[in-house]
Amino acid sequence: MTSNAEAAEIFRTIADFLDLLGEKFKPEAYRRAARSIESLTEELGAVAARKELRSIPGVGDAIAEKIEEYLRTGSVPYYERLKREIPPGLVELMRLPGLGPKTARRFWVDLGVEGPNELRDAIAAGRLVGMKGFGEKKIDQIRSALAASAAGAGASRRPIEEVYPVARALVHALEDGNDADRVEVAGSFRRARETVGDLDLLVTSKDPARVFETFSTHPLVAEVMMRGETKETVLLQGGFQVDLRVVKPEEFGAALQYFTGSKDHNVRLRSLARDRGLKVNEYGVFRGDERIAGATEEEVYGSLGLAFIPPELREDRGEIERAARGPLAPLVSDPDLKGDLHIHLPPDAGPEAVDRAVAEARGRGYAYVGVVVGGVGADSRVWLLPPTTRARIPELRTPRLAVSAVLETGRDAVPDELAEIPHDARIVRPIGGASASDRSTVRGRGPPPTLVAHVGASGATEAATLAAWVEVARRVGAGIEVGPGSERLDSGAARTALEAGVRLHVPTGLLAPPDDPTRAVALGFARRAGAAPDSVINVRAEAEVSTTGSGSTRERRGRSSDLPRSRPGARRPGS
DNA sequence: GCCGTTTTCGGCCCGACTGTTTTCAGTCG
Numbered sequence: 002m003t004s005n006a007e008a009a010e011i012f013r014t015i016a017d018f019l020d021l022l023g024e025k026f027k028p029e030a031y032r033r034a035a036r037s038i039e040s041l042t043e044e045l046g047a048v049a050a051r052k053e054l055r056s057i058p059g060v061g062d063a064i065a066e067k068i069e070e071y072l073r074t075g076s077v078p079y080y081e082r083l084k085r086e087i088p089p090g091l092v093e094l095m096r097l098p099g100l101g102p103k104t105a106r107r108f109w110v111d112l113g114v115e116g117p118n119e120l121r122d123a124i125a126a127g128r129l130v131g132m133k134g135f136g137e138k139k140i141d142q143i144r145s146a147l148a149a150s151a152a153g154a155g156a157s158r159r160p161i162e163e164v165y166p167v168a169r170a171l172v173h174a175l176e177d178g179n180d181a182d183r184v185e186v187a188g189s190f191r192r193a194r195e196t197v198g199d200l201d202l203l204v205t206s207k208d209p210a211r212v213f214e215t216f217s218t219h220p221l222v223a224e225v226m227m228r229g230e231t232k233e234t235v236l237l238q239g240g241f242q243v244d245l246r247v248v249k250p251e252e253f254g255a256a257l258q259y260f261t262g263s264k265d266h267n268v269r270l271r272s273l274a275r276d277r278g279l280k281v282n283e284y285g286v287f288r289g290d291e292r293i294a295g296a297t298e299e300e301v302y303g304s305l306g307l308a309f310i311p312p313e314l315r316e317d318r319g320e321i322e323r324a325a326r327g328p329l330a331p332l333v334s335d336p337d338l339k340g341d342l343h344i345h346l347p348p349d350a351g352p353e354a355v356d357r358a359v360a361e362a363r364g365r366g367y368a369y370v371g372v373v374v375g376g377v378g379a380d381s382r383v384w385l386l387p388p389t390t391r392a393r394i395p396e397l398r399t400p401r402l403a404v405s406a407v408l409e410t411g412r413d414a415v416p417d418e419l420a421e422i423p424h425d426a427r428i429v430r431p432i433g434g435a436s437a438s439d440r441s442t443v444r445g446r447g448p449p450p451t452l453v454a455h456v457g458a459s460g461a462t463e464a465a466t467l468a469a470w471v472e473v474a475r476r477v478g479a480g481i482e483v484g485p486g487s488e489r490l491d492s493g494a495a496r497t498a499l500e501a502g503v504r505l506h507v508p509t510g511l512l513a514p515p516d517d518p519t520r521a522v523a524l525g526f527a528r529r530a531g532a533a534p535d536s537v538i539n540v541r542a543e544a545e546v547s548t549t550g551s552g553s554t555r556e557r558r559g560r561s562s563d564l565p566r567s568r569p570g571a572r573r574p575g576s
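Going by the numbering used here, the first residue of the first sequence is number 2, and it counts up by one from there.
Don't read these hints as lab results, they were simulated from the structure. Incorrect hints may appear among the rest.
What the hints assert, rightly or not - No more than 20 Å apart at the CA atoms, straight line, and that leaves these computed lysine to any residue pairs for SDA-like:
| hint | residue 1 | residue 2 |
| --- | --- | --- |
| 1 | 139 | 125 |
| 2 | 264 | 284 |
| 3 | 103 | 113 |
| 4 | 27 | 272 |
Given the structure is predicted, the values throughout are model-derived calculations rather than measurements.
Can you make the complete structure from the sequences, with help from the hints?
Below, the structure written as structure tokens:
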């Protein structure tokens, strides 16, 4: 069985091998291809079948051929050959922090060391002493890197929703202190990647040393790893790395652009600048020695003849070319949200719980709130309330108030069966956690669902299952929920849905505490998937969302049948 | 190995920081 993730890992390892062999540019070429393959929204096999492998950024003749070999045989001969030539332990060595390909290669060539264990022995035997470029500090550093790696303290990426409260806490601490003026989070966090490897914080300040001093005493900070004049690196409790940089106000936009990335986006931007006789770095855009932009990101993109590119799109997937042709289509943003179709209340929730949801919705200026009383259970009911309603649950248990439905998918729900729902079927009852005998209720009478929820719970991490659910949503004209957590779509899956013409539902975290990540992260994923306001179902006013009456139902079906058919796509963590 | 509204050949982002150095190599992001 082949997979995009495995292919990407093969190319990444080829890059490491080539690094160890001292190749200059090939490693980056293979890594670039690996990143592209990882961020595909469909299986490599499907792209190959259309003979479009070469349209993947960073894939040329040579790599396309290797992908075809991989798809055909499950392995890449070039990779297998390198694996025989180069001890795999060297790759482990060069991935240790502070070590790189040059150092690992020297251990191999000069000392015959082929992996972490042998290096540990060599250090213990004093064989590094006297090697040019290896002083006492360097050897100590390597010794602790080896120990940390053996203890399994590998720095790994974390889900963005886990990092979100940490980022907020650190930003607030910096803002509340007197020394930092502007504070922003850059990096993959700002691009709303599904996982975040570290946090990049950017501040302006007249007194960087004091910012660093204050920052390193924050309760979340466990250890200061490095402090220079403009940059400090710390480890938080639990080993998560945070980089803090202080920049001048006139450089803030350039620095924010630079440290937001992605790497591929920046490389492309720089080469575009070079073509135009300009130079871009984290201090600004320069013509010769003259700074022509730098205070804001808009200025930076503008000076290169580009429209502003939202951070979530900065992956070098064609956004730079589009920005060169003119302004990009707007992405959905927080003020666009006009309601929430999917709030869960516990089965024993009293009227005050519904009141609270309605009041919160009203406070935010929402036009409606959809309340599911009960969990993802067979007995849950969905009601769509205008926020002016003073809700009482007993009152709500009357059909005339139910103007929408949520298809509550559950672990036992099978999209293949649901996909066979005839076009004129009406879904009145949510089927969450439905037992086999309950599935027939899907074919009952009533309005079609507005929303297909909890898709991930039914195994949508599989590309085929996801495609099937997308097809269900497309056929009945429903939206699918995007956002953090295994039960919602990540940005790659959301892009698959959008490509099939299915709209997204952005959860608003209506009843969640202030630093709950749901809404912000869901918006980020939706934007990363390229969702325009129009592609999000809960930007609409109530009348358009509700599905009472056959007229609106027919109208929606008419629209959805004009949309392109779903294309099965691989679901990968975002790039 | 990839790529091209200046290029199908000759480029390939660029600066901070560290440790080891009397001017730089390696790593990192």
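List of violated hint numbers, smallest to largest:
none
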